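Using the hints provided, position chain B relative to the given structure of chain A.
There are 2 protein chains.
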Amino acid sequence: MTLTSTDPRTGVASPTALEATSDAQVDSIATAAASAADELRRMPRAARAALLRRIADEIEADRDALVAIAAAETGLAEPRLNGELTRSAFQFRLFADAVDEGGYLEAVIDHAGDTPMGPGPDIRRMLVPIGPIAVFGSSNFPFAFSVLGGDTASALAAGNPVVVKAHSSHPLTSARSFAALEAAARAAGAPDGVLGIVYGQQAGAALVAHPRVAAVGFTGSLHTGRILREIIESRENPIPFYGELSSLNPLIVTPGAVTARGADIAAGLFASVTGSAGQLCTKPGVVFIPRDGDAVVDEIVRLAKDAAAQPLLNGGIHASLFRIEHALVSAGGAHALVPARVGDTGFTATPAVLEIDAAQLTPAATEEAFGPLVVVVRYDTLDDVLAALDAVPDSLTATVHAQPDELDAAGPLVDDLSRRVGRLVFNGYPTGVRVSWGQHHGGPWPATNTLHTSVGVTAIRRFLRPFAWQDAPEALLPIELRDATTSVPRRVDGILRLATLGA
Amino acid sequence: MTLTSTDPRTGVASPTALEATSDAQVDSIATAAASAADELRRMPRAARAALLRRIADEIEADRDALVAIAAAETGLAEPRLNGELTRSAFQFRLFADAVDEGGYLEAVIDHAGDTPMGPGPDIRRMLVPIGPIAVFGSSNFPFAFSVLGGDTASALAAGNPVVVKAHSSHPLTSARSFAALEAAARAAGAPDGVLGIVYGQQAGAALVAHPRVAAVGFTGSLHTGRILREIIESRENPIPFYGELSSLNPLIVTPGAVTARGADIAAGLFASVTGSAGQLCTKPGVVFIPRDGDAVVDEIVRLAKDAAAQPLLNGGIHASLFRIEHALVSAGGAHALVPARVGDTGFTATPAVLEIDAAQLTPAATEEAFGPLVVVVRYDTLDDVLAALDAVPDSLTATVHAQPDELDAAGPLVDDLSRRVGRLVFNGYPTGVRVSWGQHHGGPWPATNTLHTSVGVTAIRRFLRPFAWQDAPEALLPIELRDATTSVPRRVDGILRLATLGA
Numbered sequence: 001m002t003l004t005s006t007d008p009r010t011g012v013a014s015p016t017a018l019e020a021t022s023d024a025q026v027d028s029i030a031t032a033a034a035s036a037a038d039e040l041r042r043m044p045r046a047a048r049a050a051l052l053r054r055i056a057d058e059i060e061a062d063r064d065a066l067v068a069i070a071a072a073e074t075g076l077a078e079p080r081l082n083g084e085l086t087r088s089a090f091q092f093r094l095f096a097d098a099v100d101e102g103g104y105l106e107a108v109i110d111h112a113g114d115t116p117m118g119p120g121p122d123i124r125r126m127l128v129p130i131g132p133i134a135v136f137g138s139s140n141f142p143f144a145f146s147v148l149g150g151d152t153a154s155a156l157a158a159g160n161p162v163v164v165k166a167h168s169s170h171p172l173t174s175a176r177s178f179a180a181l182e183a184a185a186r187a188a189g190a191p192d193g194v195l196g197i198v199y200g201q202q203a204g205a206a207l208v209a210h211p212r213v214a215a216v217g218f219t220g221s222l223h224t225g226r227i228l229r230e231i232i233e234s235r236e237n238p239i240p241f242y243g244e245l246s247s248l249n250p251l252i253v254t255p256g257a258v259t260a261r262g263a264d265i266a267a268g269l270f271a272s273v274t275g276s277a278g279q280l281c282t283k284p285g286v287v288f289i290p291r292d293g294d295a296v297v298d299e300i301v302r303l304a305k306d307a308a309a310q311p312l313l314n315g316g317i318h319a320s321l322f323r324i325e326h327a328l329v330s331a332g333g334a335h336a337l338v339p340a341r342v343g344d345t346g347f348t349a350t351p352a353v354l355e356i357d358a359a360q361l362t363p364a365a366t367e368e369a370f371g372p373l374v375v376v377v378r379y380d381t382l383d384d385v386l387a388a389l390d391a392v393p394d395s396l397t398a399t400v401h402a403q404p405d406e407l408d409a410a411g412p413l414v415d416d417l418s419r420r421v422g423r424l425v426f427n428g429y430p431t432g433v434r435v436s437w438g439q440h441h442g443g444p445w446p447a448t449n450t451l452h453t454s455v456g457v458t459a460i461r462r463f464l465r466p467f468a469w470q471d472a473p474e475a476l477l478p479i480e481l482r483d484a485t486t487s488v489p490r491r492v493d494g495i496l497r498l499a500t501l502g503a
Numbered sequence: 001m002t003l004t005s006t007d008p009r010t011g012v013a014s015p016t017a018l019e020a021t022s023d024a025q026v027d028s029i030a031t032a033a034a035s036a037a038d039e040l041r042r043m044p045r046a047a048r049a050a051l052l053r054r055i056a057d058e059i060e061a062d063r064d065a066l067v068a069i070a071a072a073e074t075g076l077a078e079p080r081l082n083g084e085l086t087r088s089a090f091q092f093r094l095f096a097d098a099v100d101e102g103g104y105l106e107a108v109i110d111h112a113g114d115t116p117m118g119p120g121p122d123i124r125r126m127l128v129p130i131g132p133i134a135v136f137g138s139s140n141f142p143f144a145f146s147v148l149g150g151d152t153a154s155a156l157a158a159g160n161p162v163v164v165k166a167h168s169s170h171p172l173t174s175a176r177s178f179a180a181l182e183a184a185a186r187a188a189g190a191p192d193g194v195l196g197i198v199y200g201q202q203a204g205a206a207l208v209a210h211p212r213v214a215a216v217g218f219t220g221s222l223h224t225g226r227i228l229r230e231i232i233e234s235r236e237n238p239i240p241f242y243g244e245l246s247s248l249n250p251l252i253v254t255p256g257a258v259t260a261r262g263a264d265i266a267a268g269l270f271a272s273v274t275g276s277a278g279q280l281c282t283k284p285g286v287v288f289i290p291r292d293g294d295a296v297v298d299e300i301v302r303l304a305k306d307a308a309a310q311p312l313l314n315g316g317i318h319a320s321l322f323r324i325e326h327a328l329v330s331a332g333g334a335h336a337l338v339p340a341r342v343g344d345t346g347f348t349a350t351p352a353v354l355e356i357d358a359a360q361l362t363p364a365a366t367e368e369a370f371g372p373l374v375v376v377v378r379y380d381t382l383d384d385v386l387a388a389l390d391a392v393p394d395s396l397t398a399t400v401h402a403q404p405d406e407l408d409a410a411g412p413l414v415d416d417l418s419r420r421v422g423r424l425v426f427n428g429y430p431t432g433v434r435v436s437w438g439q440h441h442g443g444p445w446p447a448t449n450t451l452h453t454s455v456g457v458t459a460i461r462r463f464l465r466p467f468a469w470q471d472a473p474e475a476l477l478p479i480e481l482r483d484a485t486t487s488v489p490r491r492v493d494g495i496l497r498l499a500t501l502g503a
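Residue numbers (my numbering), protein chains in the order written: chain A, 1 to 503; chain B, 1 to 503.
Chain A on its own, in the form it takes in the complex (with noise of 0.2 Å):
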């Protein structure tokens, strides 16, 4: 079957050279990555820090090409897909500059030695590759979260190979994003098989099915994401699952925080919203907004008003988008203050406020809308907001605008707003993740499995699995084990040691 891409600027679908992967070819491309493992982890960290480095070099070099298919398969603008390379190649880097550091591998020494239960044997534990992942791109980051993004990342700085899912909303760009990693490999030495694509609907299901997959890194809807879990359940060997799967991100505006800067949270908010076109994981979906604060639900209304439609990535999210503004308003008791409207050309369509009061807030109202809207909730006191956010799901994250003479009255809330969410943001707004060793992106179900971050250095532990040597001998230790070593951070008989230059 030949796929098509689709330019939902104009709605126009174009045929493409690639074809979809057949079951028989994600078997190759599996047992390829398989075999490729075993050579990936003797690689030496250094030689996989440099495949990164080369990994970033390489999509810098192609910025233009990739960053012109990309925004005529998405439709998102260039300075937003130019900053979004910039953030995969930067990832790239920063993680191999982790993977030089080692911290990320927990090394751990404990010496034989006495025990309240007699003698102990020597026992080393490090963190080592589990082979084969399955990366599931997804379609609002062509770049930073498909096949160049945070997974891929993740699992090639532990030591994995890696079988990306093209998107089919972005096929070309897939494919464009993929020769780049192919080119880094092939230049970095990387064993063949390391890397591997593969092509729709089926071939994910099937590749999530393979008995040599040994995780799933997915991006996508809680739908999809359930059809996936219910796949690795049917394994004869269930498998780790990281799903990226929805959130509403709860944001919430105190009345000193109307009074003090009504106008610049309106407008920030607004941006944070609508924002490539409101299809980020941490757009704020839910927005509590104190029964005085009309100058802020003005403010957003007439921006709103004033919007140009934009296009949506898919025909399949502007559908949406309109059958769940209809949904929350029809189910879910809200009003719409400006619905969305569809634009002149493709797949566009405007920004949608709609209102609802604190009391009347109930899960039928909180379904995530993916695009620019925003459901403002109206409150009379911090208590109705609490009560209000049981109707809300479990998210990436929450936003607190508050005055610092508010924090005291405030900390139920951020108390409760903290068992919800895996980041909470105060006095700014959750769209654009810092990409660092501290980022938290991640939270309870159904935004993420709860227990690891997609973004940020430690999403490398995600594709990680200890491993314990007893009173091995050490010529079969890895380097980062052997007594003499002391170029990683290492627990040694129960110390923390930092790494020290030489070996």
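Incorrect hints may appear among the rest.
To be verified - Simulated coverage check for chain B against chain A, where a stretch passes if three residues somewhere in it have a Cβ under 8 Å from a Cβ of chain A: (1) 120-129; (2) 414-426; (3) 433-441.
To be verified - Counterexamples of contact, computed for chain A against chain B with all Cβ distances above 10 Å: (4) 5; (5) 179; (6) 256; (7) 436.
No lab work stands behind these hints, which were simulated from the structure alone.
Fair warning: this is a prediction, and the values are worked out from it, not measured in the lab.
Note that the Cβ used here is the ideal one computed from N, Cα and C, for glycine as well.
For chain B alone, kept in the frame of chain A given last:
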């Protein structure tokens, strides 16, 4: 429904005063645990460490009664049970040390600063408790993997409430253990509801389904593990499942090792296979002996024939041992060198030694027989071993007995085993798992879910999740993430720093 307690040494069941927990009671216990979670999270780490140490003290103070009750419910010998109780107490104290040290928090501070993508906000991350944990104790470790076991210690150390599901084979031990936990909690000023216990299979299922339960730790059969996963997948919010389910633990003896220390190996292996009546998750269940290693096999056979019957933990395990032994012979094609025999009283049995040729090894010959049974696999070359390993399920451990001059030749075998297990043991035995920082007790499915250990300090990580604060006012940050704090190891702006004395 009133529960009974059965003495496996006699097979006699006696009524207890314990009742199966109703669904309504499970709901109230889980809800109380969720309410306690907030208060527990606010306890300073030092107070939580004190709670863990107090638990160790309480269980040691009640040692004699606990051991006597457990002996009558499990048939395990008192020296073994005393050692196990010592291990449980040690574990609580070791985890208290880890809580005090604070490295497990993985604290990270990224100060605000410029990035290639523009200005980056201040991001601070550390691990936080995930919420109430359901702990399913195992039959074979009434202390170290049950109410007082590693899952309870890990979950509490992480700062989570715990609800244990008492094992039906040792309800009185569970109740007495729980009383020690509760006494410690009261003495340490822990919040009400932080500890709960439920009895009965239905209560266990209700616990796993309960919306306020945040994760499940389970040690038991593959069959029950699959049932619990099904319950989890049918939840509105699937939660992490940490199952330790089944393990064959292949052990390979090279020709050189047979020549150099055949008699020692026979004795050590027999002890490892039959200790605790072979009811250890790390028991070597399949052992590769070279064709010309008759001396080793003959000695194991002699020891097995001479061995007295030992009680197994319960009637189910006793019946399974004989059923599986029969299947290994009839469907698996193994030959019984020494068949198991039923003892004179209760659920007792003598050891079994089966033999099969490496070329004949199929999955039908590698079902785990929980009890004193070993399958000896005879081989001609290490390549035969490599080929035969495909019939062995992935395991917690693998063991190699080899002479120093054989290590080069054994390289491919060691590589292959590394992919299949979580711990590799050299010239020793996998049973007797050291509790330490570096221990890893986990392996690819069906051993565990691969990514985490259930023994050793890093087991705490299973019950934590990352959390990030963005631009948070200092007063709202946990003490461990404030700039002035130096008492825990942290990564600051990418650089790992050790703790220093003081704040």
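(message) Of the numbered hints stated earlier in the document, which are not met by this structure?
(response) Number 7 only.
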